[in-house]
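Enquirer: Going down the list, the sequences are from chains U and B.
This note's numbering applies: residue 971 is where the first sequence begins, and numbers increase by one.
This note's numbering applies: residue 40 is where the second sequence begins, and numbers increase by one.
These aren't lab readings, by the way, just hints derived from the structure by calculation.
On a predicted model such as this, the values are computed, not experimentally measured, just so you know.
Treat the hints with caution; some may be incorrect.
Restricting the straight-line Cα-Cα distance to at most 27 Å, the calculated cross-link-like pairs of lysine-lysine (DSSO-like) are [claimed, not checked]:
no., chain 1, residue 1, chain 2, residue 2
1, B, 122, B, 307
2, B, 78, B, 122
3, U, 1170, B, 78
4, B, 77, B, 122
5, B, 320, B, 307
6, B, 94, B, 122
7, B, 94, U, 1021
8, B, 322, B, 309
9, B, 122, U, 1057
10, U, 1057, B, 78
11, U, 1057, B, 120
12, B, 94, B, 120
13, B, 50, B, 120
14, B, 94, B, 50
15, B, 307, B, 120
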Amino acid sequence: MICIDGTLVSPGKPGPADRNIQGYRVWQPQKSKFAALWYAGVGRDRIDLTKDTRILYLGAGNGSTASFFADYCEVVYAVEFAPWPMKDLILLALQRNNIIPIMADARNPALYLPVVEPVDYLYMDVAQPDQAGIAIANRIFLRDSGILILVLKTRSISAGDSPGVIVERTVTRLTGHFQILAHRLLEPYYPDHAGIVCMKR
Amino acid sequence: MQQYWFGDIRKNESGAELIPAPGDDADLVARIRYVQEKKATSVPLTSRDMQLVYKHQDRSDYLSRLRRVSILLAREMVEEKYKTGDQELIHLVTIIDELDRMAGSLGDHVVQWHDIRTLTFERKQQSRSMKGIMEDLSAGNDPVIAPVAEEMVHLYEIRRLLSCQVQEIAGDLMPNTSALLGPLVASRLMTAAGGLSRLAELPASTVQVMGARSALFSHLVAGTPPPKHGILYQHSRVHRAPAQRRGRVSRALAAVVVIAARIDWYRKEKDPVFLARAEAKIKKAGLR
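Given only the sequences and the hints, what does the whole structure look like? Please build it.
Expert: Okay, here's the thing in structure tokens:
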């Protein structure tokens, strides 16, 4: 990852909405959970996006994080099922040459089985109750010892339980399918969110 | 045989072979949709499969074609999603609710302003409908109040047009749910669910308390009594029922509403037999 004086940046061309340091796009933790996860140091030594990286992004939304991934990586498979953000994602894919937009429900990976190749990273940011189950179901797309980066939205899982308890439960659920490398709450940037980084077993 | 967007991969004793799919980008889009529907692929691509692919095209061609095809497919799916009419209805309902909120608070201020300017100590303006007051004020000759009130009357007219439109779309899109709840309440429920297809998938228990979010979460978190009704409270059989039976009516109503939504989404036609039976159930729940 590229980092200038402790600030995470991406090698893309800064747009009008971006902060710009020495011609690099600043990847702000307030705007992207991946950046927050990087600043929180969750599995930082295991995450390195390069020009050869292939990444499957579940819950790509309108594509602001996906655009940073696209700056770094060879190809981003961006899965989103809501039509409104998908509209923006398509516009982004038209501007970039390495974003593959996929309109599908991440709970049903069979839908994009004909399209997605083996990837190095599986990045997940979905507001669903069964996020661990979705991670496990999408594990088939990860190459051997590929990395899962799970941004856990604890409030989508339970409104009552404390985030710490939910993270523990999710981690237990993932063990067996993944080797857990690190996990941590993403405070102060994203309350009730946690970052979990695992390796495919 | 496994079918992928670019072609079929056949495996036999002598190894694997790739048969590229013929046609242009649009044909490949159709192919992906066909494969998705038939669930013809059960195995993810492997790096060995990708080596086969590179015998026919290099990687940059592979990616640029996949990108073009995926964009086409995604566009097609977004367009289809918006064609069903429920997304349009969601926005109409939101506009109506927002308009009501605005018109209500604007109207309050206009009335108070008028009361201050024409200060009297007689009880007569009380208990009149806001709309009636606005109509009177707009017909009056106050140079400032009258035009403001006129705008309010105009807003009521817009509200009426919107609700006609909702009635029309909801009657087409969800004839059974609309018949049970009235088009506006039915549309609000559909809006809260995020679409008719989603409403059709929800359990009755969820539908019963939909729209009572804060009460539900305070129940889950702090253990306050659970909410009996949310949006369904707007149905006259619920809010007119005596307090101790409201929960029961609301539960019975939710139970038939989810079935109505399923008929609307899957069968897409009005079912009078079902409706008569549903009405009877709701009525019965209100009796002792």
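Enquirer: Which earlier hints turn out false for this structure, listed by number in ascending order?
Expert: 6, 12, 13
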